[in-house]
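Each protein sequence line maps, in turn, to chains A and B.
Just so you know, we're using my numbering here: the first sequence kicks off at 1 and counts up by one.
Just so you know, we're using my numbering here: the second sequence kicks off at 1001 and counts up by one.
Please note: incorrect hints may appear among the correct ones.
To be verified - From chain B, some residues computed to sit far from chain A (all C-beta separations above 10 Å):
# : residue
1 : Pro-1080
2 : Leu-1275
3 : Gly-1312
4 : Phe-1314
5 : Phe-1432
Unchecked claim - To spell it out: a stretch of chain B is covered by chain A in this simulated footprint if at least three of its residues, at any positions, have a beta carbon under 8 Å from a beta carbon of chain A; those stretches are:
#  : region
6  : 1192–1204
7  : 1255–1265
8  : 1364–1377
9  : 1403–1411
10 : 1433–1442
11 : 1447–1459
Read the hints as simulated data drawn from the structure, not as lab findings.
Built from N, CA and C at the ideal position, the CB exists for glycine as well.
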Amino acid sequence: MKGLAPLFLGIFGTFAFSWVGLTVLPNWQIGHLNPQSDEEGTDTYPQPQSGMFERGARVYAANGCVYCHSQQVRPEYAGADIERGWGNRRSAPRDYIFERPVFLAKMRMGQDIANIGARAPAEQQSPPPAGAAAPAGSPAQQVGSPPPGASPAAAGSPLPASSPAQAASPATQGAAVSSPPSKPASASQSPSSPSPKPAAPAPPTGVASPSPGAMANASPGATTAPSSAPQIAGPPWPEQTIGEPPMYSAAWHHVHLYSPRSINLDSNMPAYRFLYEKRRIRDQRSVDALQLTGSDAPPEGWEVIPSFDAKCLVAYLMALNQSHPLNDVRSTGGAPAASAAPSPATAAGSPPPSPAPAK
Amino acid sequence: MNATGIPLKEPSVSAAAGATEQLERAYIDASTRVPVLMFYTSAMAWLILGTLLAGFVSFKLHEPDLLSNISFLTWGRVRPAHMNVMVYGWASMAGMGTAIWLMARLCRTVLRYPLLLVAAAGFWNLGVLLGVGGILLGDSTGYQWLEFPGYAAIILFVAYTLIASWAVLMFRYRRGEQIYITQWYLLGAFLWFPWLYAAGQLMLFVVPVQGVLQSAVGWWYANNLLFLWFGAIALGTAYYMIPKVIGRPVYSYHLATIGFWTYALFSSWTGMQRLVDGPFPAWMITASIAAMILSMIPVATVGLNHHMTMQGYFPLMRYSPTLRFTVFGAMSYTVFSVIGLLISLRSVAGYVNFSQTSIAYSHLGLYAFFTMVIFGSMYYIVPRLVGREWRYASLIKLHFWASAYGIGLMTLMLLAGGFLQGADMENPSLPFSETVETVLPYLRGRSLAGILLTAAHFIFAYHFGLMLLGLGRTSTVPTFLNPVEAETSGGH
């Protein structure tokens, strides 16, 4: 090749072409989306998140959660994401407009967690935040009225086949979580896990205190002991084998982060114990203390409490929720197949129950 | 020139050009000595560190409780640390070392402004060090391939500006009108990188784009770094080393031209194929898949060109370490591209998108292709810098086979494991933990492959250390992998 000019021009030209085509044009097309809202201008989605959310996202980035967990639900024709219960509709660009960084991610050594906040038990969303320091910031809880009554019934229907215990239990949990029916994998686990464990061990002291923040959700679990945990899982999220805080509650997240294998023996998630502090109990057990069982439980007189980073991380997780319908995306089971996916959002077809960050 | 008449390491051109040119070349080589060795030595140190981190990452993935209570050793921090050490520490520094040497040789002028390069190497090391430290201490930005916190990124960019300006300066001092193929690629790499890096940093951190576009920019950056930075350096190096070692000109100049421009045009448009079915406008993804398909044109032309150049000379791979590594790398380029194409087709991507397959793909590109070519070039260049020949043929052979089997095994494990993992994931009646169970044995296999690679790198580092200390052989004949006397007819 003779002459530098054509070489330089070509080098710049080809690259400029790619830069404009793949970053500038898309930015022009979808780089300035606004939240959607209904005619009255209410029910805006998505909404900017709290400070704890942002800090939680930084903790999420710092500890590389993104290398194992994706946060994107593919459309039903493209994969089994929706059947697995990872969401009730595909993710859309608008879901992410307030997130930075965005953690779409490319790897699923762990589950997709785009909607993990939508799975929190309904109780979690109202009572505990009362005094609790930990979850207070998490937007997930602000929902005023937990819609426990109605949905579980719906949710219950697909399930009972698998185990009668479950049919009953969802009621307690408000099964906001529920699930597509697909497969009752959890069924096998439900009998085994609930066993006696959950009732007794660590928490008792904590439960004693009446308004035990995060611990609150232990109490419902304890009363209906055996069935509490698993039924929430619903078929596609059967991962819980042991442990008692209701799945996907803030307390559960803390236990899971502190000791993943105490909840699911097969998990290969690392434990994040450095986000927690083991300390001697002062006069009274902290309301934040983790409900640990078995070999993870701290010795008598000690407790494990989450650091502020851990609380932010959990607040972040609890706020991951794409169940709100989007105008430009079809939700599965929207009108027709309601039975298929009674998940939060379907219920959310009507505005109120949607776990959208109210306020 | 050597006793047996096999034109190993002694290009035919030199026979014609005679002693003056030999001398001139030796003079140029000597002038590159300090900066290039500085880049190589740093790169070797990063390679060893990165290898240790890699082993740690690989084992922790199936033994999650290993040292997990220490914040800076948690898997999610060590993994990006490993990746960044390899990408910015090892691959970039070794690649730049080779590129600098090639620039001086091909511009046929002694290396000017060596201090610029020495300073750049220093800054670059500092940047990587701070960046990796930052990641381990919890400062990662969370964008894959751009995890370095801002303070490290700035230093890297400054270092890079020094190098790019050096490259442009060198180009002005060049002698001769002809610009050789290798120089196209190197010039491209030197100019694309700063734009790419600046665009990535600006669009993610300075004036961040909204929402999912961050991911698009991230993958655009990562993919182009792979193709336009590492790929361009490796292809340029292969275009130099293969003809040089066998002493024969490149088969077709026209093919090379087509290969270069289609490469620049099409491979720069890939990247979005990794986001198949994600929350993006479909045209972006489709455009990248189309670009992946069109990328087969440069793959075919470059592959054909190298093959035709090598035609009849393949037996020389028995002797020349450089040739063996370089040809392995050049062949891997084809494999890498074909597999890249297969896993980005929508029907396949649906299965493998979120599995270990993408790890296999990156390792094919960065290791089987790029790193092997660079190993080859180091076997060629280092003796010319230190004035000694490699000491042990056996160590070179060990290095080659451990690397080749290591990366081969790793790729197979991750591809097979990834496909099974993906297939399980698409079967909603299997609980999710089953998909992890499925892939775990393959991850253990990958750890095994990692042990081979670790051995390879330690062997090479030891050998390289001997050379640095002046403990190589003093000889006029380069170190061959096998005794040359046995077979004399390298010609066909």
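The hints, checked one at a time:
Distance check for Pro-1080(B) against chain A: the nearest CB is about 6 Å away, which does not clear 10 Å, and the non-interface claim fails. Remark: the non-interface label on Leu-1275(B) conflicts with the geometry, its nearest Cβ contact in chain A lying 7 Å away (cut-off 10 Å). The claim that Gly-1312(B) is not at the interface with chain A holds, since no C-beta of that chain comes within 10 Å of its own (minimum 27 Å). Phe-1314(B), annotated as away from the interface, keeps every beta carbon of chain A farther than 10 Å; the closest lies near 29 Å.
Against the 10 Å criterion, Phe-1432(B) falls within the reach of chain A, whose nearest CB is about 5 Å from its own CB. A count of 6 residues in the region 1192–1204 of chain B with a Cβ less than 8 Å from any Cβ of chain A is obtained; the coverage claim is therefore met, three being the minimum. Counting residues of the region 1255–1265 of chain B whose beta-carbon sits less than 8 Å from any beta-carbon of chain A gives 4, enough to reach three: the coverage restraint holds. Three residues within the 8 Å Cβ limit are the bar, and the region 1364–1377 of chain B against chain A gives 0, so the coverage statement is violated.
Evaluation of the coverage hint for the region 1403–1411 of chain B: breached, as 0 residues show C-beta separations to chain A shorter than 8 Å, against a requirement of three. Counting residues of the region 1433–1442 of chain B whose CB lies closer than 8 Å to any CB of chain A gives 6, which reaches the minimum of 3, so the coverage claim holds. Against chain A, the region 1447–1459 of chain B contributes 0 residues with a C-beta closer than 8 Å to a partner C-beta. That does not satisfy the three-residue criterion, and the hint is violated.
The earlier numbered hints that this structure contradicts are 1, 2, 5, 8, 9, 11.
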